[in-house]
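Chemist: Here is how the chains run, residue by residue.
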Amino acid sequence: MLTHALRTTLTGRPDAPLVLLGNFEVEEQWATGEQGLPTVSMPASKAIVHRMDEFALLLAGPGDSVVLKTAPDPGYLAYLRELGLASATVLTPAGQEPHRTVTGDALADPSLGAELARAAAAGAWLWPHGVSAMEERLAAVAGIPLAGPPERVCKAVNSKIYSRLVADDTGVPQPAGLVCRDIDEWDAACELATTWLADGRPVVVKDAFGVSGKGILVVRAPDRLASLRRLIARRADRSGRRELSLVVEEWLPKQTDLNYQFTVGRDGSVHWDFVREALTSNGVHKGHRMPAGLTQAQVGELMATATALGSRLGRDGFYGVVGVDALTCVDGRLYPMIEINARNNMSTYQERLRVTLVPAGHTALATQYPLRLAEPVTFDRLRELLDGLLLAPGGARGAVINNFATVNAGASTRRGELFDGRLYAVVVAETTERIAELDRAIGERLGTWDGRAAQVPATSAR
Amino acid sequence: MTMNGSQQVGTDVTATMIAALAQLLNRDAATIDANSRLFEDLGIDSTGVLELLMQLEAELDVEFDAETLEPNDFETVGALAAYVAKEAAA
Numbered sequence: 001m002l003t004h005a006l007r008t009t010l011t012g013r014p015d016a017p018l019v020l021l022g023n024f025e026v027e028e029q030w031a032t033g034e035q036g037l038p039t040v041s042m043p044a045s046k047a048i049v050h051r052m053d054e055f056a057l058l059l060a061g062p063g064d065s066v067v068l069k070t071a072p073d074p075g076y077l078a079y080l081r082e083l084g085l086a087s088a089t090v091l092t093p094a095g096q097e098p099h100r101t102v103t104g105d106a107l108a109d110p111s112l113g114a115e116l117a118r119a120a121a122a123g124a125w126l127w128p129h130g131v132s133a134m135e136e137r138l139a140a141v142a143g144i145p146l147a148g149p150p151e152r153v154c155k156a157v158n159s160k161i162y163s164r165l166v167a168d169d170t171g172v173p174q175p176a177g178l179v180c181r182d183i184d185e186w187d188a189a190c191e192l193a194t195t196w197l198a199d200g201r202p203v204v205v206k207d208a209f210g211v212s213g214k215g216i217l218v219v220r221a222p223d224r225l226a227s228l229r230r231l232i233a234r235r236a237d238r239s240g241r242r243e244l245s246l247v248v249e250e251w252l253p254k255q256t257d258l259n260y261q262f263t264v265g266r267d268g269s270v271h272w273d274f275v276r277e278a279l280t281s282n283g284v285h286k287g288h289r290m291p292a293g294l295t296q297a298q299v300g301e302l303m304a305t306a307t308a309l310g311s312r313l314g315r316d317g318f319y320g321v322v323g324v325d326a327l328t329c330v331d332g333r334l335y336p337m338i339e340i341n342a343r344n345n346m347s348t349y350q351e352r353l354r355v356t357l358v359p360a361g362h363t364a365l366a367t368q369y370p371l372r373l374a375e376p377v378t379f380d381r382l383r384e385l386l387d388g389l390l391l392a393p394g395g396a397r398g399a400v401i402n403n404f405a406t407v408n409a410g411a412s413t414r415r416g417e418l419f420d421g422r423l424y425a426v427v428v429a430e431t432t433e434r435i436a437e438l439d440r441a442i443g444e445r446l447g448t449w450d451g452r453a454a455q456v457p458a459t460s461a462r
Numbered sequence: 001m002t003m004n005g006s007q008q009v010g011t012d013v014t015a016t017m018i019a020a021l022a023q024l025l026n027r028d029a030a031t032i033d034a035n036s037r038l039f040e041d042l043g044i045d046s047t048g049v050l051e052l053l054m055q056l057e058a059e060l061d062v063e064f065d066a067e068t069l070e071p072n073d074f075e076t077v078g079a080l081a082a083y084v085a086k087e088a089a090a
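From first to last, the protein sequence lines are chains A and B.
Each residue of the first sequence is one higher than the one before, starting from 1 at the first, in the UniProt record's numbering.
Each residue of the second sequence is one higher than the one before, starting from 1 at the first, in the UniProt record's numbering.
Extracted from the complex, chain B is given alone in its bound form (with noise of 0.2 Å):
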């Protein structure tokens, strides 16, 4: 995959995962963006980020290991979608 298309892939998830969140959470997309800390700004809990990987599962057709993922991993919104993307490219 080249490097631009690492960064689609990126962006397409994060978009998707800002998408899964406001609909998860009941709040305006344009109110998260990748920036976005998952714990502090956006309220989600242990559960909230199973219900988040379930259902990126199954827009993406991917399959994650959650017990795989380290707590840098869902710092922020930006940076679980990098996780995300190396999870759909593997």
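Next comes chain A alone, as it looks inside the complex (with noise of 0.2 Å):
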């Protein structure tokens, strides 16, 4: 449940309810019009990332509201309950689409937008995952209150354009690297890169409006940097649009991924939240470890970092919840600001399971697992699956399922078609040792299930 001080930094009370809404990749509105790497528009569906917006049911407490693209599965929304958790109330759009995050649905449903009118008129406030257009639209439509700064602040504070040039400022140690505003300053940038690819240091050319671990390219040889800087001069003679949208930066040995959180207030106070070690595949965000494994030297930088971002946060006009992307190389140097993400993280949603349900002393492995599934599956099935190894009420042990939405997002309308799934899950147990015993279980129930129920074994079996 969300602390009093921070529904105060949102909303100014301490006690104001909230209409959380989980518009997961904000960075994709976020980029819309911005020049980075050439890209191609592939056909890949975001249906499950749109359906992440589940997370925000376990974040709402009692008196908030949740707009979800769907219905919680009942068993789904029982288990949570039996937990402790999932106490606020759901609203759901009619006619969700999947292509469409959730404030798309929203915004395409007047029901809903009376809905948050009257949550409004009551004293609520809407919290997205990140505030773009989109949301600051769907507030204005409904009347309600947005809680957090203006769009405009917020794509400003999470461009990697800006995490660079605050790292200048505050003298926050980053990688070498060079803003890339327009083509004069990508050409620069080249020119200093090409030296270093001569001399056998990779280089990355990322995003500034990429999403976290997206939109990142690593290059290793000149030709191949010069063949980019021919992509990007051909798109700006023919499109004769000269600005940018990227960094270039040294390519770092990494050793650990970390990500951090705080909290800045409105008036510019910055509160150190926690930090995790972050678990990646490809720089894709897979999950966290908790807690990091960081010396208390380490974590001091960490926080001594977060007071001077915060700081200049809050000058150039943002509150609310700083997710910040850090890493250790294998030479044991930390890294304390990478990018910064001015919106909720993967870890705030994880926040409150950590504080109700892992017992002090016991450590914690929030994952996923990917699903290949025949056909759509109830969340009873799938706990009948993992019987035995789901956290129980009081427990200490065992894995509690964190969104169930994602497993069928997925589903093909071409009956018996396969398709993709992927279930979230934060595992807890006394030693890491432990930990990976249940990751691996779970992962080996999962790994041949195709979700029919013939393929339940009976408990028995087991």
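Note that these hints are calculated values from the structure, not bench results.
Any given hint could turn out to be false.
[Claimed, not checked] To give an idea of the chain B side of the interface with chain A (calculated C-beta under 7 Å), a few residues:
id	residue
1	Ser46
2	Met54
3	Glu57
4	Leu69
[To be verified] With a straight-line Cα cutoff of 25 Å, these simulated DMTMM-like cross-link-like pairs (lysine to aspartate or glutamate) come out:
id	chain 1	residue 1	chain 2	residue 2
5	A	Lys214	B	Asp45
6	A	Lys214	A	Asp257
7	A	Lys46	B	Glu40
8	A	Lys46	B	Asp41
9	A	Lys46	B	Asp45
10	A	Lys46	B	Glu70
11	A	Lys46	A	Glu28
The structure presented is a predicted model; accordingly, all values stated were derived computationally and were not measured.
C-beta atoms are modelled at their ideal positions from N, C-alpha and C, and glycine is treated no differently.
From these two lone chains plus the hints, build me the complex, please.
Modeler: Here's what the structure looks like:
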């Protein structure tokens, strides 16, 4: 549940009700119209990403509401309530479309807007995952105040260009690199990066508005950078647009990804929240390990960085939750700021689970399991499959399913065609070894399961 | 260019593309064929397609305009090879 302090930061009052909106990958909206890396419009469905909206259910408290694309599976809701979670009211727009964010669905349904207006009349504020123009429009249409700064501020401080410039201003250590706001800066960055590549030092080119962990190109050879330079030059010649939103940096030999969170108050004060070890695959977020396993000195450096960054963000008009990606290198160096995410983070939604369900001295792994299903499944069927591995109310070991909507989100309309799903869980145990055992056991049971009831093994067989 | 010639270009491009994908994705080329779906089967993302196009530019000595690609063009390895062959012949 939200602390009174965060609620006060978001709304100015410690008891104001909130309407949560899990518009994940809000960066896609911020990136609209920006010129980053040359892109192709992938046919990939965002159906699973859009159902990450269900994470918001775990953060809301009694008296709050959560807008979800569809109502939660009844078995899943009952399960969460057994664990003392999901006490908020659920609001669902009519006619959800898999390709739309939850905000897009809400905007398309006037009756949902009317419900938001009623909530506003009762003193509620709209708290999105991140504020883009779409959430501003929804708030304006429904007449509900936004619990966050305007889109203009949120977008600006999420840019990787902003992160680099603020690090320069505040003296926060960062990888060597340059920002590229136009073709001239890009050409200068390419000249510098070519000398690094000639010395055998790889470089990364990043979209300033890329989704965290995506839109990142690692370049290891001068001819490949020359090829990218030509592609971008051709685009500029063709379009007549010289502005760019890119950064070029040295590639770092990473040991551990880190993610930490702090909150900037409306008065510019900075409150440290937590740090997690972030688990990634090809740069894309896969989960978190709690606690992070850092030294006190390293945590102290992150806290000092949070204070410096938070003060600057406050001066630039931002307030609310901030997540920062950081990393340690194989040589032990700590880079306390790789990028600023001025929006909620995966760990924002996991924090209440940690506080509520992880006993003192235990460890937890927030993770995800890929699924390949033949038909949509109910939570009860999944619960039967994972019997003995889930955390029982009051228990100290087992997995908590923290999102079920992503399991069936990709269900094909063509009967019998396999579809991809994703199951999110937080695995809790006394030691990292026990967590590894549980994680492996869950992966094994899910690995060969296609969702059909007949495949659920009898309890006696396990 | 004759019909046979076009088919030859397509076959060569497909082979080059499979080799490039195998290198990019660090997987056995024998597990990739013209029917492999770039996203669902090979797990390639937008940046991966960009890397692939840059490599093909270098190997085939052609220039692509990545942003003219339509979603249909990279549903499968074969579809993307057809696009590349068309651009190479242009």
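Chemist: Quick one, are A:Lys46 and B:Asp45 close enough, alpha carbons at most 25 Å?
Modeler: Holds, because 13 Å separates the two Cα atoms, which is no more than 25 Å.
Chemist: A closest beta-carbon separation below 7 Å is what the hint needs, so does B:Ser46 meet it against chain A?
Modeler: Check passed: Cβ of B:Ser46 comes within 5 Å of chain A, closer than 7 Å.
Chemist: Please work out if A:Lys46 and B:Glu40 have their alpha carbons no farther apart than 25 Å.
Modeler: Satisfied, since the Cα-Cα distance of roughly 13 Å is no more than 25 Å.
Chemist: Would you check the hint for A:Lys46 and B:Asp41, treating anything up to 25 Å between C-alpha atoms as holding?
Modeler: Holds - the C-alpha atoms of B:Asp41 and A:Lys46 are around 16 Å apart, at most 25 Å.
Chemist: Mind checking the alpha carbons of A:Lys214 and B:Asp45 for me, to see if they're no more than 25 Å apart?
Modeler: Between A:Lys214 and B:Asp45 the Cα gap is close to 9 Å, so the pair holds against 25 Å.
Chemist: Return the status of the interface hint for B:Glu57: holds when the least beta-carbon distance to chain A is below 7 Å, violated otherwise.
Modeler: Status holds, d = 6 Å.
Chemist: Are A:Lys46 and B:Glu70 close enough, with their CA atoms no more than 25 Å apart?
Modeler: With Cα atoms ~17 Å apart, A:Lys46 and B:Glu70 stay inside 25 Å; holds.
Chemist: Regarding the pair A:Lys46 and A:Glu28, is the alpha-carbon distance no greater than 25 Å?
Modeler: Holds. A:Lys46 to A:Glu28 sits at ~11 Å (cutoff 25 Å).
Chemist: Tell me if B:Met54 is really an interface residue toward chain A, meaning its C-beta lies closer than 7 Å to one of theirs.
Modeler: Result: holds, 4 Å to nearest chain A Cβ.
Chemist: Would you settle whether the hint for B:Leu69 is holds or violated, based on the nearest Cβ-Cβ distance to chain A being less than 7 Å?
Modeler: Status holds, d = 5 Å.
Chemist: Is it true that the CA of A:Lys214 sits at most 25 Å from the CA of A:Asp257?
Modeler: holds, 15 Å
The structure is consistent with each of the numbered hints, conforming to all of them.
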